[in-house]
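S.K.: End of the sequence shown = 145 in this note's numbering, gap-free, step of one.
Don't take every hint at face value.
[What the hints assert, rightly or not] Dumping the calculated DSS-like pairs for lysine-lysine here, alpha-carbon to alpha-carbon at most 25 Å:
id, residue 1, residue 2
1, K98, K112
2, K4, K112
3, K4, K121
4, K121, K109
5, K98, K22
6, K22, K112
7, K121, K22
8, K22, K4
9, K98, K121
10, K98, K109
For the record, the hints were derived by calculation from the structure and aren't laboratory data.
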Amino acid sequence: GLAKTIVLASTDDDGVAVQALKAGAAGFCPRDTSTDLLRRAVQLVEAGEIWVGRRVMVRLIEELALRTAAAPAVSGGEQLTPRERELVGFVAAGASNKDIARRLAISVKTVKTHLTSIFRKLGLSTRLELAVAVGRAAAPRAKVG
């Protein structure tokens, strides 16, 4: 599989952490993270989890709420059912099929069926493409003039 990255930063800025995670990092630790916590972060990331501080998690959840609202703004997003839009928000936040299934009380197979439908409707083929499309739709637009 892909190498998993934990960003060790000289800052504890939530915005930097969120950007690192959006860029594909699986963890974020400010420079003052204890050795024990760093060891724990590595273990969890190796096990497939994501490691961030509580404040960063709150910020990610806030962004997820914005992205879920922005899902219809993805090109072709108006074709999605409300359930598919809900899944798009979870995928954009980096949730696994298993996490999505657990949160929505559906089977992993049903999650995969929904994702296949979403990808077909939006003309996409990967979770990353979907997350990028949602990120673009949720990004504030620059005002010209």
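S.K.: Next, verify each hint and record whether it holds.
M.R.: Now for the hints, and whether the structure bears them out:
no.	hint	result
1	K98 <-> K112	holds (10 Å)
2	K4 <-> K112	holds (24 Å)
3	K4 <-> K121	violated (30 Å)
4	K121 <-> K109	holds (18 Å)
5	K98 <-> K22	holds (20 Å)
6	K22 <-> K112	holds (22 Å)
7	K121 <-> K22	holds (24 Å)
8	K22 <-> K4	holds (13 Å)
9	K98 <-> K121	holds (22 Å)
10	K98 <-> K109	holds (10 Å)
Consistency with the previously given hints fails for number 3 only.
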